[in-house]
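Engineer: Residues per chain are reported as follows:
There are 2 protein chains.
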Amino acid sequence: MIRQITGARCTLCGAVTEAHPETTVCPKCGGILDIEYDYDYIRSKVSKYDLMDRGDPTMWRYMEFLPVEGIGKTPRLRVGGSPLLRADHLAREIGLNGPLYIKDDGQNPTASLKDRASAMAVVKAEEAGKTTIACSSTGNAASSLAGNAARAGFKTFIFVPSRAPKGKVAQLMIFGAKVILVEGSYEDTFRLSAEAIDHFGWYNRNAAINPYLMEGKKTVSLEIGEQLSFKAPDYVAVSVGDGCTIAGVWKGFKDLYAAGLLDRLPRLISVQAEGCCPINTAAAAHTLDWVPQEENTIADSIAVGVPRNPVKALKAIEESHGVTVNVSDEEILAAMRLVGRTSGVFAEPAGATGTAGLKKALEQGLIERDASVVSLVTGNGLKDVANAIRSAGEPLQLPPDMDRLLQALSS
Amino acid sequence: MIRQITGARCTLCGAVTEAHPETTVCPKCGGILDIEYDYDYIRSKVSKYDLMDRGDPTMWRYMEFLPVEGIGKTPRLRVGGSPLLRADHLAREIGLNGPLYIKDDGQNPTASLKDRASAMAVVKAEEAGKTTIACSSTGNAASSLAGNAARAGFKTFIFVPSRAPKGKVAQLMIFGAKVILVEGSYEDTFRLSAEAIDHFGWYNRNAAINPYLMEGKKTVSLEIGEQLSFKAPDYVAVSVGDGCTIAGVWKGFKDLYAAGLLDRLPRLISVQAEGCCPINTAAAAHTLDWVPQEENTIADSIAVGVPRNPVKALKAIEESHGVTVNVSDEEILAAMRLVGRTSGVFAEPAGATGTAGLKKALEQGLIERDASVVSLVTGNGLKDVANAIRSAGEPLQLPPDMDRLLQALSS
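If you read the protein sequences in the order shown, they are chains W and D.
First residue of the first sequence: 11, per the numbering used here; consecutive thereafter.
First residue of the second sequence: 11, per the numbering used here; consecutive thereafter.
Keep in mind the hints are simulated off the structure, nothing from the lab.
The structure displayed is predicted, hence computed values, not measured ones.
Fair warning: there could be bad hints in the mix.
Identical copies go unnamed one by one, so any copy, or any two together, can satisfy a pair.
Unchecked claim - Straight-line C-alpha distance at most 20 angstroms; calculated EDC-like pairs for lysine to aspartate or glutamate:
(1) 176 to 373
(2) 241 to 378
(3) 165 to 98
(4) 58 to 284
(5) 264 to 244
(6) 165 to 197
(7) 325 to 136
(8) 83 to 98
(9) 264 to 236
Put together the whole structure using the sequences plus the hints.
Structural biologist: What follows is the structure, given as structure tokens:
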């Protein structure tokens, strides 16, 4: 047993079980588990000053808050330590008078926040004595697993629906992943992956089933806390799909607070696409009873009609006295341009969605204009160039003639 | 005058002029300039221990080696500080017995080494009192300029041939760059940009014309030196296009050596594509008389038939007792898979070209099998997904049926 962990508590029935590296869902009711910690112990082991003195710039600098004892000598990618950029130009343009920061998690090795979860999955797989890791995904979860596993010398099997874009599949294969294109729906794909994981005894990196993934994701908030000198912002804007990320963001802040390293807790701004917002719909009604929805949005990383971690996400929004905002695809595309132009950060659609929601929350008076805010960019725009083209508009085109150029620029 | 700079020396006629922020080519002969430093002064100002104690993880931690006095309070992207990854799996596969490291410069903010040059261009533009920066490029130079300039609040005009891929143009526009699609060849485009830069007095970020760009690029070697505890590797493998990068890499090592911070100088492995290798052809013949070539390679970032910095590049290869290797497109595509699978690093074709050349140099006995080597990855594979698809091969495809999966995996 790892000293700082006290157990794994079911988010549905509340039962507590011991946390093993292969612990997945609740043995009693099948609910999603949440790793619990001994914060008195953590508090006795680490102070603000200890953290600030550490050389390691990666997510592993927060070892006392993580469900691992160490990460051994296996090679790792450099995950975490992403920049927190003060964004005064952006604040001015959206009418925020308080300080605004962009946490650019698109700067992770495979260009998304999911690297934090996959890096954790690889370490836990190693603890469990596995040599192969599997998941079903076409998106950032898959590419981050493939990259982090390749670096550590693990084999990966990744199940994707056969309609998956060729570019995304190619990235996985470059990392040496064995990709299985399943002729069927996402449900079919998921089911086949689950059966194969069972059959072969592979390590399971399917989101929401594996409680350790969120423990990796929460490091983004540990970093934000430290980067803001352990003073919480008033709000943190996060785009929401299956709910794992916002739940992880919340847990990171709660951990810091529980260990006495944060002055207070921020409020979450939960941003979903208007075309697919089951979590925000339930959150706004203060209920855990969410209703599945269609997946009508260009922001594929958060196009999740049947969220896999709704309970943790809804509890996080409720506990933080959160704000919910839904944004249109047009607002998302505009936010991509806005963030790029004012801050030099290229975000994928889901990556710019948090900022789109922040802008709208200000317009609608849902948050105060003098608030301090962190807007989380969850993935790099290079992941989805097709939508960048949709967002960008048309350039100026002309013959190689100076007079024509002067004319065009003066008009 | 900045204290550590002694002047700007012409690489053709040898004349030395004063270095101003807007200094471009030699006023006497039009040759490319090279910024020169007072190494006794640098040596008196900075030691290994000073460097190791610095908190700043960016390229600006090497301030004493750079042609700037500071970078002021303007917002900056976090350029530099890219990981140096020990790559034992890769070494084993290519038959290298000595230590091998990948310097992953695809981890820069806009995903290429060119961020180092553009970050420098923005600071020098600011020094020169400019508010607009321009260049002609479709590639990494352009996107890095657009991103770094956006963050600092500069306007950018970027001239690209109208045949440029829409995705690359879109990235520039997301960063707020004013993109001008020129109906003509690259030469036409370059000429119109030069005329407009002259007319409007914009800051010029055209490679090879602006000597400060290389001063930014050299920081990659300052980092490698520090990351290897100030012990030089035997070889550094670099892909070569217009010659600016390899010249910058060499200058960084020479600077460290001249300042007494490196034990010796490494040898360069200059790698070009077989279909476009004017610099290697001249280097192998130990002449500065290079001959233009066609541009027949998939590695667009190094497809330069008329290199713009041949003299600096050729001198660098010669001075370092360098090795030249040319690789086929097939070898480049294979190296993308090799680097990805063994190391979890996704490189664009030009980014994997250095490693392709290292492999070939070992096979041909051009370098010793027990050498220590750094292979430089200059750009992220997400920049060029079309070639990742060409490299990746075909995945396994089957119906959602466990028996079919078992059958496929056992065959």
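Engineer: Go through the copies and call it for residue 83 and residue 98: within, between, both or neither, with a Cα cutoff of 20 angstroms.
Structural biologist: Classified as between; 12 angstroms across copies, 41 angstroms inside a copy.
Engineer: Quick one: residue 264 to residue 236, C-alpha cut-off 20 angstroms, is that within a copy, between copies, both, or neither?
Structural biologist: within (14 angstroms within a copy, 37 angstroms between copies)
Engineer: Go through the copies and call it for residue 241 and residue 378: within, between, both or neither, with a Cα cutoff of 20 angstroms.
Structural biologist: within (18 angstroms within a copy, 54 angstroms between copies)
Engineer: Treating 20 angstroms as the Cα threshold, decide for residue 325 and residue 136: within, between, both or neither.
Structural biologist: neither (31 angstroms within a copy, 48 angstroms between copies)
Engineer: At most 20 angstroms between C-alpha atoms: does residue 165 with residue 98 qualify within a copy, between copies, both, or neither?
Structural biologist: between (44 angstroms within a copy, 17 angstroms between copies)
Engineer: Can you tell me if residue 176 and residue 373 fall within 20 angstroms by alpha carbon in one copy, between copies, both or neither?
Structural biologist: Neither: 39 angstroms inside a copy, 33 angstroms across copies.
Engineer: Cα distance capped at 20 angstroms. Does residue 264 pair with residue 244 within a copy, between copies, both, or neither?
Structural biologist: within (14 angstroms within a copy, 49 angstroms between copies)
Engineer: Go through the copies and call it for residue 165 and residue 197: within, between, both or neither, with a Cα cutoff of 20 angstroms.
Structural biologist: So residue 165 and residue 197 fail the 20 angstroms test inside a copy (24 angstroms) and across (47 angstroms) alike.
Engineer: For residue 58 and residue 284, with the copy left unspecified, which applies at a CA distance of at most 20 angstroms: within, between, both, or neither?
Structural biologist: neither (40 angstroms within a copy, 55 angstroms between copies)
Hint violations for this structure: numbers 1, 4, 6, 7, all remaining hints satisfied.
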